[in-house]
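Engineer: The primary structure of each chain is shown beneath.
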Amino acid sequence: MIRFFVRLFLLSLSIAIALPAMAQSDFEEVLSRNSKLIQKSSSKTVGPVLEELQNFGSNAAENFLYNWKDKALYFIKDTGQFVYVASFPVSADGKKSAVLRHVETGEALGEVLASTIKQVKPNSGVRAKIAAAMVPFQLASDDAELRAASLAALSRDFQSSHLLPLKKAIEVETLPDLKEQMKRAYIFGVIGYGRDNAEIETAIYSLEGDLSLDVRAALNPLLVSQVLVAKQLPEDVNLARIIIPEKTIKHDDGSAGRQSLMMSSEYELSLAASYDLMAAAGLAPPFITPDMRNKILIAATVDGRIAGIPVASLASEESRNQAYQALVDNGTAPPMVGEAERQKAVASAVFYAVYDNPSAEVTGAARTVLKSINVRVGIYKFLDLVLDGLSLASIYFLAAIGLAITFGVMRVINMAHGEFIMMGAYTGYVIQLFIPNYTLSIIVALPAAFIITFLAGVVMERLVIRHLYKRPLETLLATFGISIALQQIAKNIFGTQARPLTSPAWLDGAFVVNDILSISNIRIAIFCLGLLFLGLLVFVMKRTRFGLDTRAVTQNPAMAASMGINPDRINMLTFGFGSGIAGIAGVAIGLFSKVTSELGSDYIVQSFMTVVVGGVGNIWGTLAGAAMIGSLQKGIEWFNPSNTLAAQTYMIIFIILFIQFRPRGIIALKGRAAEE
Amino acid sequence: MERTIFTKFLFRNPSILIFLGVLSVVCIAVTILGEGFGIGIISTSFIKTLGKTLCLCMIAIAMDLVWGFCGILSLGHFAFFGLGGYMIGMWLMFARTKMIVMQASVNAALPLTPAEISDAVGIQIFGVVGGSDIPVIWSFADMFWAQIALVVLVPGLVAFVFGWLAFRSRVNGVYLSILTQAMTLALSLYLFQNDSGLRGNNGLSGLQNIPGLDDVPQSLLSISFFLASAFALAVVYIIATAVTKSKLGNIIEGIRDNEARVRFLGYNVESYKLFIFVMTAIIAAVAGALYYPQAGIINPAELAPIASIYLAVWVAIGGRGRVYGAVIGAAFVSLLSSYFTGGQAPDIPLGFGTIRWTEWWLVLLGFSFVLVTLYAPKGIGGLVDRLPRLGGR
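Line by line, the protein sequences are chains A and B.
One point on numbering: in numbering that gives the first Met the number 0, the residue at position 441 of the first sequence is 440, and numbering is uninterrupted.
One point on numbering: in numbering that gives the first Met the number 0, the residue at position 166 of the second sequence is 165, and numbering is uninterrupted.
Treat the hints with care, since some could be wrong.
Said to hold, decoys possible - Chain A regions said to be covered by chain B (calculated; three or more residues, Cβ under 8 Å): (1) 461–470; (2) 475–483; (3) 586–596.
What the hints assert, rightly or not - The calculated lysine-lysine pairs, modelled on DSS-like cross-linking and capped at a C-alpha distance of 27 Å, are: (4) A:K95 with A:K117; (5) B:K7 with B:K246; (6) A:K249 with A:K230; (7) A:K68 with A:K39; (8) B:K377 with A:K469; (9) B:K377 with A:K294.
As the list claims (entries may be wrong) - Not everything, but these chain B residues come out facing chain A in the computed CB check (under 8 Å): (10) L109; (11) V128; (12) G129; (13) L164; (14) S168; (15) V173; (16) S176; (17) L178; (18) S333; (19) V369; (20) T372.
Please keep in mind that the hints were generated in silico from the structure rather than gathered at the bench.
Glycine residues also receive a C-beta, built at the ideal position from the N, C-alpha and C atoms.
All chains, please: the whole structure from these sequences, using the hints.
Structural biologist: See the structure below:
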């Protein structure tokens, strides 16, 4: 009885499944033709199937791709027919069955046992391919977010089949932003995959003056060229350049150029490389390099002799060549090509490079546009360099400004100045341990660092420096002793590893003009801080009673004392003021570099040089010194960007020479103040 | 006649006799107690430390001449010391690498040509900085005597050019100190580059192996270097004393005390300063050339500006303006440093924590240096003034 029902059920099922199969639609025909490829897909073989489905263009095809990608596609094991599953009901006796739906029409196909169908499981590579194939469908979607997402997916992995749907999508797109993005993606698509040269040319010209990196990344592949050699220059090629061995250099756009003094660039082809090209092209017999010669010689060694010549005598190039010649005469080795013959052979051939892209219009357009872009890139790079120099200068200025007071005004050589900077940075770090809000902690840290280093400076002045005003060289040594002691104490307290001083979020970003020109907010902040300090310092020294007293005491302590100024007190306060400013600078410097116990000593020599180069005793001089050192260092780096150490070396040498010609610095004091 | 002048000179400067006496006693004691020839109580590594200390005493004498006597606080003499070390190190490394290459090529299928030898040596030495060509500055590295000459010539020339520029434009006082410091920094930064031709921050290594003396044990080498250093120190000591006691010495002391007055008296101050500067640079270079074979390795960090400041510290602690002061300072501070930083000193337990000397030694050194500058400007050597005078003037 039960068996009967089961049979009946199976029969009805087979009819239900067989019926649509009889009247097979176009879509089903495509599926059944490719069923093997879909069931067991790999990212290498799935391409044609996807293309076919994509061309099909119906909702059913889109649905199919969607379900396939989401692993919601099944097939019946017996027939290989693809189905969707509406649900997996579990019957009373615990058997799991599946309610099937048709892949094209969506109509119910009845219920089968779950074990008779199988899930299609595409791997991640295939799913990425499917996602790309779904792009055209999604571009036409009503959902703007989906359109934007599909545009992003398309830009990542553009295919020639995307061009048409993208073009259609642009026409109907209503959101202006998205439309612009689509147009841009379309232009890149045409450049990369277009077939019509005129269209590609227009696309290239539409990018003129665009500085973004992806424009250059799109144009550069058009200008890839291959180096070839021939007896005579062929005419029907898209010639990139003619190469003269050991003379011409290769430009980025594929054209040839001459070596120039400004840019140190190697010529493109050496004599040896050109000859090897000829040999590879069959235009000349292969050159026997010393390595090959040696190998042949070693292979020909018999009982310690090569063609009768003892091996032990082959300790020079000449004797080896003679032995090889003996082998050539024996007929056991190919003849050698002499240096003169090699030169002659190279001179007789034409070396040239051909663009991979056969269309001269396209490569010409790319070259023109790249050239105009490169000119603008050069201008912006220069501006970027200026900004870099400016920001380095403001860092040096910040590090040196405290010194401009203690050394510049008071003439105290404070080797522990760097350690005050370090103390300021550590103050910022410790305060961040207690105040987790970064903005607030920085606001607290700035005055706290000033107070702490001010006090340290006052203590140091009272205990040490006061006794050494008459002995400046010994101040240097005593403060150096303090410097190593402070450094070691910091190391003992905070350890040798770098401590973070985190900047608040609003300082994290960068001010971006375009892909080339940008400056981080921290550097802008440091620049502003430097300006602020400059203003503050000039104000204090020129417009306040304290500044007047300081200037009086440094010029003539005895006279100042007789006018009722207490020189001891003024010296102490001035030194504390300079030290305190170093502390604030430390917080700022700590924000962009790691806080270690060596933080200060990294800046000390540069700081002294900044003050000396600028002119001792003048705050404007320190500014000039910092500007000169900073821009100089960046300028030298520009010539050789990979080597900042060399830039620093040459910068210091330049400073040493500069001081020969202006021993008193850029802004030299004149008159009485200069006497010393 | 010559003899009488020399004995007179010795008699007038009893410090030389005392110094030579002490030095010979130390040498004999170390030789007897050391491993190479003697009974082996003192370890080879400690003999190396002692030998290095003698070299440091030599450069301290140079520093004392230029600073204590001539008043030029040079913060660049360790650069000359390092340059001397680099010059001798080039020969040591090149010659030894070449020997190794030659030994390895015994079993090669073809005997090596000169070009192949230099290629192999180049790869051995410069492979670590990604090069294989031997730079031009190594042209003389194969010739022992040429390289020995360079030990004197290169630092001497650098000192001459730098000194000529600096003194000519009358940079003096603290400005000169900062300028010399800048020179040292530039040199060490330059050497840190990989394409400086001197192996970048790897420096030169394996210098303790003397080419051709592979069979001689290190214990013998170390005691030989110790004695050589002692001999060089004695020579430098005598030269330095002779210079300071001569008329030249009077002039340079005059320059230290009042440069303008000496100039107005008609002396060419710049030439005197330049002479002393170059001479002391050469002494420093020779000291370095003896030091680094004992240290075994030299790298650009050795030339960092801080090393030259330490040198000034030693001389100040020992006592400026007297040759023996420099020796005492360098020996005292550097031996004490290696005692404390070597981890041999016992930790001091306090209630709230332990004082580890490896951590706190620099703090102690720094503060004691402040104290010496403030309260004992004459340094340890100043104690000698309190002794009853030996012999008459």
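Engineer: So, for every hint listed, does it hold in this structure?
Structural biologist: Hints and how they fare:
With 4 residues having a Cβ less than 8 Å from any Cβ of chain B, the stretch 461–470 of chain A passes the three-residue criterion, so the hint holds. Coverage of the stretch 475–483 of chain A by chain B holds [criterion: at least 3 residues with CB-CB distance below 8 Å; count 8]. Requiring three or more residues with a Cβ within less than 8 Å of a Cβ of chain B, the coverage given for the stretch 586–596 of chain A is violated, as only 0 such residues are present. Proposed proximity of A:K95 and A:K117 is supported: the alpha carbons are some 13 Å apart, at most 27 Å.
In summary, the hint linking B:K7 to B:K246 is supported, as the alpha carbons are separated by about 16 Å, within the 27 Å threshold. With a C-alpha separation of about 21 Å, the suggested pair A:K249 and A:K230 falls inside the 27 Å cut-off, and the hint holds. In summary, the hint linking A:K68 to A:K39 is supported, as the alpha carbons are separated by about 13 Å, within the 27 Å threshold. Proximity of B:K377 to A:K469 is assessed by CA-CA distance (about 16 Å); at most 27 Å being required, the pair is judged to hold.
For the suggested pair B:K377 and A:K294, the alpha carbons sit about 72 Å apart, so the restraint of at most 27 Å is broken. Given the 8 Å rule on beta carbons, the hint for B:L109 holds: about 5 Å separates it from the nearest Cβ of chain A. Taking 8 Å as the C-beta contact cut-off toward chain A, the hint placing B:V128 at the interface is violated, the least distance being around 13 Å. Taking 8 Å as the C-beta cut-off, the interface hint given for B:G129 is violated, the closest approach to chain A being about 13 Å.
Among the interface hints, the one on B:L164 holds; its C-beta lies about 5 Å from the nearest C-beta in chain A, closer than the 8 Å criterion. Because the beta carbon of B:S168 sits about 5 Å from the nearest beta carbon in chain A, less than 8 Å, this interface hint is met. Because the beta carbon of B:V173 sits about 5 Å from the nearest beta carbon in chain A, less than 8 Å, this interface hint is met. The restraint placing B:S176 at the interface with chain A holds, with a minimum CB-CB distance near 6 Å, inside the 8 Å limit.
For B:L178, the shortest C-beta to C-beta distance to chain A is roughly 6 Å, which falls under 8 Å, so the interface hint holds. The closest approach between the C-beta of B:S333 and any C-beta of chain A is roughly 15 Å, which is over the 8 Å cut-off, so the hint fails. Interface restraint check: B:V369 against chain A, minimum CB-CB distance 4 Å, threshold 8 Å, status holds. Interface restraint check: B:T372 against chain A, minimum CB-CB distance 4 Å, threshold 8 Å, status holds.
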